[in-house]
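Asks: So the chains spell out like this:
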Amino acid sequence: MLDLLTGFVAELRAAGIPVSLTEHLDAAEALRHVPMEDREAIKYTLGASLVKSSSHWRAYETAFEIYFSLRGPDYRIDDEPDSPGESGDDDRLKGAGDRRGQGRGGGTGAGEGMTPEELADLLYKALLSSNDAMVAAVARQAVTRYAGMEAGRPVGGTYYLYRTLRNLDLERVLDRLVDQARAATSSLNRRAPQDPEAPETTLTALEERLLRDEYQARIDQLRKEIEDEIRRRLVADRGSEALAKSLRKPLPEDIDVMHATREELVALRKSLQPLSRKLAVRLARKRRHGRKGPLDFRSTVRHSLSTGGVPVDPKFRYPRPSKPEIVVIADISGSVASFARFTLHLVHAISSQFSKVRSFVFIDGIDEVSRFFEGSDDPSEAVHRINTEADVIWVDGHSDYGHALTVFWERWGEEITPRSSVLLLGDARNNYHASQAWVVKELQGRARHVYWLNPEPRAYWNSGDSIVGEYAIHCDEVVECRTLRQLEQFVGELA
Amino acid sequence: MTGVVDPAGRLGSSDPIVSGFPVAGPPRFESIGAVRTGLAEVDYLADEGIAGVVFLADRLAKPVLVEGPAGTGKTELAKSVARLTGSRLIRLQCYEGLDESKALYEWNYKKQLLRIQADSGQAWEQLEEDIFAEEFLLARPLLEAIRSPEPVVLLVDEVDRVELETEALLLEILSEYQVSIPELGTVRATRIPLVFLTSNNTRELSEALKRRCLYLHIDYPQLDRERAIIETRVPGISQSLADQVARIVRSIRTLDLKKDPSVSETLDWARTLVVLGVEAIDAEQAKDTLHILLKYQSDIDRAAKELAGVEPPD
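Chains as they are written, first to last, in my numbering: chain A, 1 to 495; chain B, 1 to 314.
Don't take every hint at face value.
Residues of chain B placed beyond 12 Å of chain A at every Cβ, according to the derived structure [said to hold, decoys possible]:
| hint | residue |
| --- | --- |
| 1 | D58 |
| 2 | G71 |
| 3 | D130 |
| 4 | D157 |
| 5 | Q178 |
| 6 | V187 |
| 7 | D256 |
| 8 | R271 |
| 9 | I292 |
| 10 | K295 |
| 11 | S298 |
Distance condition first, Cα-Cα at most 30 Å in a straight line; then the derived DSS-like pairs of lysine-lysine [to be verified]:
| hint | chain 1 | residue 1 | chain 2 | residue 2 |
| --- | --- | --- | --- | --- |
| 12 | B | K259 | A | K270 |
| 13 | B | K305 | B | K258 |
| 14 | A | K270 | B | K79 |
| 15 | B | K79 | B | K111 |
| 16 | B | K287 | A | K356 |
| 17 | B | K258 | A | K224 |
| 18 | B | K110 | B | K79 |
| 19 | B | K258 | A | K270 |
Simulated from the structure, these hints should not be mistaken for lab results. For each residue, glycine too, the CB sits at the ideal point set by N, CA and C.
Working from the sequences, and respecting the hints, build out all of it.
Replies: Put into structure tokens, the structure is as follows:
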């Protein structure tokens, strides 16, 4: 068990979760107090002692499921859809064994030779009755049938998951469930027309919405069940260590912003708030303690009077580091929109660390959006307003860096001073328009610094219609900025 | 495994004075299940995770750091554990500017002055020893929790509100269960209290603090648990109404709102509906009482529109 724990801790560290030695010891100690056969209890025990941040929980959970997965012959990938003794050592299902038996009996026979229609029917029934064990059984069936898993293939589970879900077509199942419920109510009403309390013959909008959410929740559960199932089989096939590597979930601060899924974006947004606050605290402290000012000659001489004119105690001037003025010019076209939003959010959240922050957004037209951030405490709301209110479309709504930069130069170029640092955000995919790189050159001449933040991996720069290279020669630095961590680091150095 | 209890806590020594570590005392709970049923008896419905962490906190003699959205019952957990174990609850509400003299202890200088004036004839050495005695010590919550002879649950509420520097005040008490007073020496806990720290996650807590605690994240409850909570906490509510309330709240939480309705707000809403004599909620009634559930006008508008069946714009 200790070996397993050590391996597990190593995996957590590899996934980026900081686990100290004390925490490791605590976990080992804690394990003495919980019954070994209770998997859930062990999960929470280890979680409580090893993981100290809720944003790390997802990564922890994945690692846990891999390391402490249920092992047994049933999870082997083979051609037989199901082995008869399947509910044997799966302790999560054990308790539900009876219900499950009923569920399966009620649906069709055992899994052998089930047609897709039968499976769909079973799925539909499982969702309708919200029978956990039955849902689990359906998940297993679906994976066996559709995922097409091959032993020894070094892939992550995503592909299998996609294949399974595509075949199940859950969207349509959801619609069917809701339709069914609607029909059931109206027929119920028809059967009892004498009841004066129920004049309406259909579901009210509220009820329908609640029903839909209910089914959605069950379908989400099914999805999770399928995911678990695939993972269990992969573990059985390839072992924990190998799989942990390929399934490792990135921490929110390591998610690639440009390719984040919707779920990941939610996690990102959640972690942005504490991140910006943390950054502000750190910067403020740096400002306070960081540097010592130059010698304050006058004060030193005055204090030396008490020691008979010998300057024993040299006095220094209070450090007064200048706060930079920030001008953010961000591309908010589809591909890089979320990246731009996060950067604007972060920069404005720590705007107290800068003397002034001005933001401009563009697609092919450009508009100033600083006004949205002024007088609003909540940067996320301002960011939301940018999406709806900023006037950024000039011709067709495809990125045109050249035109946007030219307009910027004409309208606001005068206001760039040697105190300003200019941040250009975007992937520089210009749709083959003219680059107008001279604007950046002019900007560099006027401003203190010009930085370009590119959310694309460095390898993709200057491929296709990306012309970041043309701008790069006029920038002080071009920074690859794919994750929150990189962004935080850059902004931290800027202030 | 469960039966083995080492009375001296994790240091494993049988003599607390030699080891310098306070006695953990007999375990308060038999098993995780016992915690869960016990908490249910005092009307706190814990899930597996919550019960497990409370159980471990007792066995390992470690503080628990509870995080989660506002109004999910973090403070309530500490109160319920206090009720369950029959302990006194000592609460330290944190705020910006909290310092040693308000959290740990303070010398009662007025009384000290009086003492000096009353005995002006005494030798100074004697007097000095005298005025830094227990008698002149004002115990603040942390010290009080440590010194209390009766069982105690210490709740450090909203620990994320104090400055990063002030957090260090807590470190000694959290890891060693002792308070060092320069003039007096070290005060050790007579019995290790159960300690809960709550945080709304408005800022990152220091690593040092986190390392000393068990971590518990309480999120919004699942549908079933929320329904059960409503049923226990709202007297006189019918099962169908509780079910409907729980489901509507779940639907509202899936919307992208400024602030999701918390459990306590859900309970307030359910109570209101009971008082109003509502048996089944329709969209109209929901709309009229939404202001109890949601605290921003924009959120209320949004939710009302959604519940009335208008498809989300997306």
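Asks: For each hint, tell me whether it holds in the structure or not.
Replies: Status of the hints after comparison with the structure:
1. D58: Non-interface label fails for D58 of chain B: nearest chain A Cβ at 9 Å, not farther than 12 Å.
2. G71: 16 Å, holds
3. D130: Fine: 37 Å to the nearest Cβ keeps D130 of chain B off the interface.
4. D157: 19 Å, holds
5. Q178: Given that every Cβ of chain A is farther than 12 Å from that of Q178 of chain B, nearest at about 18 Å, it holds.
6. V187: 24 Å, holds
7. D256: With a cut-off of 12 Å, D256 of chain B comes too close to chain A, as the shortest Cβ separation is near 9 Å.
8. R271: Since the minimum Cβ distance to chain A is about 21 Å, R271 of chain B lies beyond 12 Å and the statement holds.
9. I292: It holds; I292 of chain B is separated from chain A by about 17 Å at its closest Cβ, greater than 12 Å.
10. K295: Fine: 14 Å to the nearest Cβ keeps K295 of chain B off the interface.
11. S298: 9 Å, violated
12. B:K259 / A:K270: OK: K259 of chain B and K270 of chain A at ~13 Å, within 30 Å.
13. B:K305 / B:K258: 16 Å, holds
14. A:K270 / B:K79: 29 Å, holds
15. B:K79 / B:K111: Since the Cα atoms of K79 of chain B and K111 of chain B sit roughly 34 Å apart, the hinted pair is violated (cutoff 30 Å).
16. B:K287 / A:K356: Roughly 43 Å separates the two Cα atoms, so the pair is violated.
17. B:K258 / A:K224: Holds, at roughly 27 Å.
18. B:K110 / B:K79: The hint is violated at about 35 Å.
19. B:K258 / A:K270: 12 Å, holds
When held up to the earlier numbered hints, the structure conflicts with 1, 7, 11, 15, 16 and 18 and fits the remainder.
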